[in-house]
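Novice: Position chain G with the ligand against the provided structure of chain S, taking the given hints into account.
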Amino acid sequence: MKRLGAILFQIGAYGLFCALVYYWSVNPGYHYLQPHEAEIRVAFKHAAQLKEPCRQRTREELARLPPNMRSAKECSRERSPVIVKLLLDGTFLTRKTFPPPGLHGDGSAFIYAKFSVPAGAHHLEIRMDDSLRQPGFEVSEARTLTLDPGQLLVIAHDVERQGFVFH
Amino acid sequence: MSRFHTLGNRLFSCMEKSFNLGFGNRWNPFYHLGSLTFFFFWIVLISGIYVFILFETSVGHAFQSVEYMTHEQWWLAGVMRSLHRYASDAAIISIFLHMFREFFRDRYRGVRWFSWFTGVPTLWLTVVLGISGYWLVWDQLAFYVAVATSELVDWLPIAQGSMVLNFIGGEVSDRFFTLMSFLHLLAFPVGMVFLLWIHVSRISHVDFVPPFGLAMGTLAALTVLSLIAPAVSHGPADPGLAPTTLHLDWFYLNIYPLIDTLGPGWAWGLSLSVTALLLVLPWLPPQRPEPVAEVNLEACNGCGGCARDCPFGAASMQPRTDGKGVLLQSVVDPALCTACGICVGACGASNPYRQARSDLTIGIHLPRFTVDELRRQTDRALETMAGHPGRILIYGCDHGAGLEPFREPGVEPITLPCTGMLPPSFLDYALTQGAEGVVVTGCRSGDCHFRIGNRLTDERLAGLRDPKLFTRTDRSRILVHWAGAGDRQRLGQQIRRFRAGLEDPNGSVPVPEEQA
Ligand code: HEM
Chain S
1 MKRLGAILFQ IGAYGLFCAL VYYWSVNPGY HYLQPHEAEI RVAFKHAAQL
51 KEPCRQRTRE ELARLPPNMR SAKECSRERS PVIVKLLLDG TFLTRKTFPP
101 PGLHGDGSAF IYAKFSVPAG AHHLEIRMDD SLRQPGFEVS EARTLTLDPG
151 QLLVIAHDVE RQGFVFH
Chain G
168 MSRFHTLGNR LFSCMEKSFN LGFGNRWNPF YHLGSLTFFF FWIVLISGIY
218 VFILFETSVG HAFQSVEYMT HEQWWLAGVM RSLHRYASDA AIISIFLHMF
268 REFFRDRYRG VRWFSWFTGV PTLWLTVVLG ISGYWLVWDQ LAFYVAVATS
318 ELVDWLPIAQ GSMVLNFIGG EVSDRFFTLM SFLHLLAFPV GMVFLLWIHV
368 SRISHVDFVP PFGLAMGTLA ALTVLSLIAP AVSHGPADPG LAPTTLHLDW
418 FYLNIYPLID TLGPGWAWGL SLSVTALLLV LPWLPPQRPE PVAEVNLEAC
468 NGCGGCARDC PFGAASMQPR TDGKGVLLQS VVDPALCTAC GICVGACGAS
518 NPYRQARSDL TIGIHLPRFT VDELRRQTDR ALETMAGHPG RILIYGCDHG
568 AGLEPFREPG VEPITLPCTG MLPPSFLDYA LTQGAEGVVV TGCRSGDCHF
618 RIGNRLTDER LAGLRDPKLF TRTDRSRILV HWAGAGDRQR LGQQIRRFRA
668 GLEDPNGSVP VPEEQA
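So the sequences go chain by chain: S and G.
Residue numbers are given in the working numbering: position 53 of the first sequence equals residue 53, and the series is strictly consecutive.
Residue numbers are given in the working numbering: position 268 of the second sequence equals residue 435, and the series is strictly consecutive.
In isolation and in its complexed conformation, chain G is listed as follows:
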């Protein structure tokens, strides 16, 4: 399993690297697969509303109304119909990439199981939504889908059914068609909104909207596709005809050839087995739990930084229990905490200048890597590099480019669980206590293992978010360069250039190149 993970992780890492070059980190579609899917759903919704205005929900007229849209009012209704289809197809690609990516990047186990687990039913609902849409066109494909779906339903012992008799050997009733329209136009979409709300309910700072450029690029591309290759129907549904060649939408209708070749029992068996496997995947094998963040009430001043910045909604502010003069205190829900340490970086009391003669205690701490330990490691590193020219301290994370190879006289790396755990005051501390420069690195910009650690760090260093970097701190002696597992060489180049700049008092410190 872990080999499989590594392989997939490398593949994604490689693709994302090239997309960072072409799209830039901000617009990289791989970093926005969830929000891109939301965006596709928006396109589907808006185009769907327009198509519905011209659509006739009856067996007798549905086909003709779709034909009208496609051939008569092709310039608007036709484009809308095509957008409706192609955005739905695009959503399947983005959902699968999103799912595989979360899997290979190992962001679906431990306390993160919930988003994965609740993602699986959305997959079903998306497919069912698509199938019911194909039904409404009431062409030969729709007829085929209706009959084969009935075979699937009839196979179920609870159905004891003969649903297929609604479609063959007699008149198809309008009532069935109305039911299908109700499901596709109302029931399934409402169910989808509900499921997606649950899907992201356990995380905070959710990326619902893709960056503008990416959204517009995708919309433009799908519109061009709709104009070049508009979606068309098969011939009208005819209960006296069996289809010969069908142009199936394989994104949604791939189960149907399986029903024909293996039978409905196998089709059910296979889909349910894959679903069951997906559902239990977060526990295959279970992740070894890390000790979660703990609140130290004595030191918690109720500032709320941890609750504001926690990417998983694990920290929250609740009424004070110790009678101290402030109203609120931090509380950590262990079932949600990923032990990333971002709360530590957000804690207003996380300041290495405090408690210089004793252990550094703050309002919230990570047992596996306390802020006191961070200060100790910083002190040790500063001591080790003392006397060397171009003294650089590198702060990085467990999931970015490995830092050990950069260790050399004058260069000391410190690896945190997540760079978002680094309180900005530590940069000032390192610079005033002997380092000539500080490098901050971690997962690639836009892609943090703990979702938003590098974004929060950027904002804190830019003074846009608390805790901010002190205004007195010399920014020219700080290099922020986000670098993932495959970017060590590039990070090395940046560090060398930075160091050379520091060593040359007359030269200016080079501004890092575009991030990759």
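Bound conformation, chain S alone:
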């Protein structure tokens, strides 16, 4: 009787252990998006304009430099921060500033933001300001598109086209 009890106890213990293993290996379900939602991610790297304009060196300045370093212009290395605005159906989803990385602030900024939005037809507008020297947003693009439930839309900047691409 005692032995039978022990066997039942062991079966119960192994069963409970496996139940725990199984349950937490897949449950509870994690709802990343609601069934009627889609996701927009803005993701790209961008080397912004230099913060200060380049300066023409004077003749005397050039003469003072070693011959191999006599470039006509002197430019500071630091770049402007990148400001990105994203509007969905006329309202702001975000307005975010991405500083240039690096010790001298001369790296390409990494622009990254994500949003879940209701699926369906939307008017999307993205604007980017990458120069402190020029007022306003230099690059912008607007699209009307329909997002399916569960769709992932990625918006990136295309340097060659000087505009945005919507994947």
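Bear in mind the hints are in silico, worked out from the structure with no lab data behind them.
All values reported here derive from a predicted model rather than from experimental measurement.
Check before you lean on any hint, since a few could be wrong.
Unchecked claim - Computed list of lysine to aspartate or glutamate pairs in DMTMM-like fashion (alpha-carbon distance at most 20 Å, straight line):
#1 Lys114(S) with Asp321(G)
#2 Lys114(S) with Glu318(G)
#3 Lys45(S) with Glu550(G)
#4 Lys45(S) with Asp158(S)
#5 Lys45(S) with Glu239(G)
#6 Lys45(S) with Glu141(S)
#7 Lys96(S) with Glu318(G)
#8 Lys114(S) with Asp405(G)
#9 Lys45(S) with Glu338(G)
#10 Lys96(S) with Glu141(S)
#11 Lys114(S) with Glu141(S)
#12 Lys114(S) with Glu37(S)
#13 Lys73(S) with Asp89(S)
#14 Lys96(S) with Glu338(G)
#15 Lys114(S) with Asp427(G)
#16 Lys96(S) with Asp405(G)
Specialist: For chain G with the ligand alone, coordinates are given in the frame of chain S:
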């Protein structure tokens, strides 16, 4: 803190007691959590090797190859895949139970800090190993994990990264996938072996392999689970899809919802804070150090018993420094010694019949409880019980059932730091000097506060290990009953039955019931 310890200790003690009834002390999984984890890793390794044979390490074909295993060759590859997943999950349960148990049982502070401290990085590596495994399936979950992991890495200032761009808004490169395969299949497992080797490097007599019955039971249970509920994938990874509902493995992927809700900064902050807390826990508060074992060179005959039996590798044999005729002498490393006294019980010179007219000195001694003090207490107890019927001397330890309540006319308890400190010759001594019976008790069988004290005692009394109990000693007048803090009542019953048997010269001395 100490209240918290007491509460947790009681909880574990209670669970272990019921498992002792169901599994028996030998197979009690709580007593083998470290070796069970090793066993789970073995299952993971062997099933992993099989799964790897059929696996395609490329972005284009990985998913299909896993699908083939799961649905076509379900009877072997599918089971192997499921075993691979479920044994990894089971390992997380056993690691956490192992960690909490060591904590609540207070086996992680003082000189024992090292195993705790080195256990923490293994926790990280285990989780990273699991995450990288989920990545390889290259289904929607893998894609989600890849993107969210990239967010985590990109957040780090040193990364200055845009790792996430490898996964969204373009083609995923095979090279990244190959790197991940390299990490999961080779780099992390090798790192794990190395870390685990360090983890147990400061202790000796390490319990690497769980008892056969427990191992087979666990393997059978996981195999049944693999057949009933095989591990399956999500849909194939698709860079154009965002997941709606994900069936996360919460054992490994619990950090990801946190990244989504609080952001990668918080996820880093939280994990690093918990890690830092775990790392400093052995010093919160620091344990008051006990005076460690000391070698008495004059009396050390170089037998090596202390070095052989020390559970913490604190005693070792080294070349003799005093020019005596023997080659070796014992040396104690204070940084490793827990002052359990097991070395004293192992010392060949630990014999109460020696130096009857002077202080008893042996090769190694514990300043807080010398073997001479043990003999004095034994003599005093024998003197006190003289003339009473059913005279019983009880030897027990600081961590087992408290012995004071058993003190009564004719019954005298003596409490040692660990029962493993008791040289078997003391049992013979007690019986020849007036005791009618001797009870040996201490932590529950299979669970010693100092890891192996009760096991060594059992082996010494059974004549399997030096120093052995004399062959002349009457075994029927010795009761060995291991009893933990919650087992006082049961120990009491055993002692009463034993005593009654001793008092009834015609009755036979009852053999103790199964240990609990
Ligand atoms: C990766 C998984 C781990 C494995 C396979 C493992 C394995 C082991 C083994 C086999 C032992 C020796 C048990 C014995 O023979 O008495 C042990 C001891 C120990 N482990 Fe682990 N362990 C793991 C993780 C951890 C973690 C995460 C912690 C805590 C943070 C930890 C803390 C300890 C402590 C405190 C000891 C006891 C040392 C002593 O008795 O002084 N372990 N471990």
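Novice: Going back to the hint list, which numbers does this structure go against?
Specialist: 3, 5, 13, 14, 16
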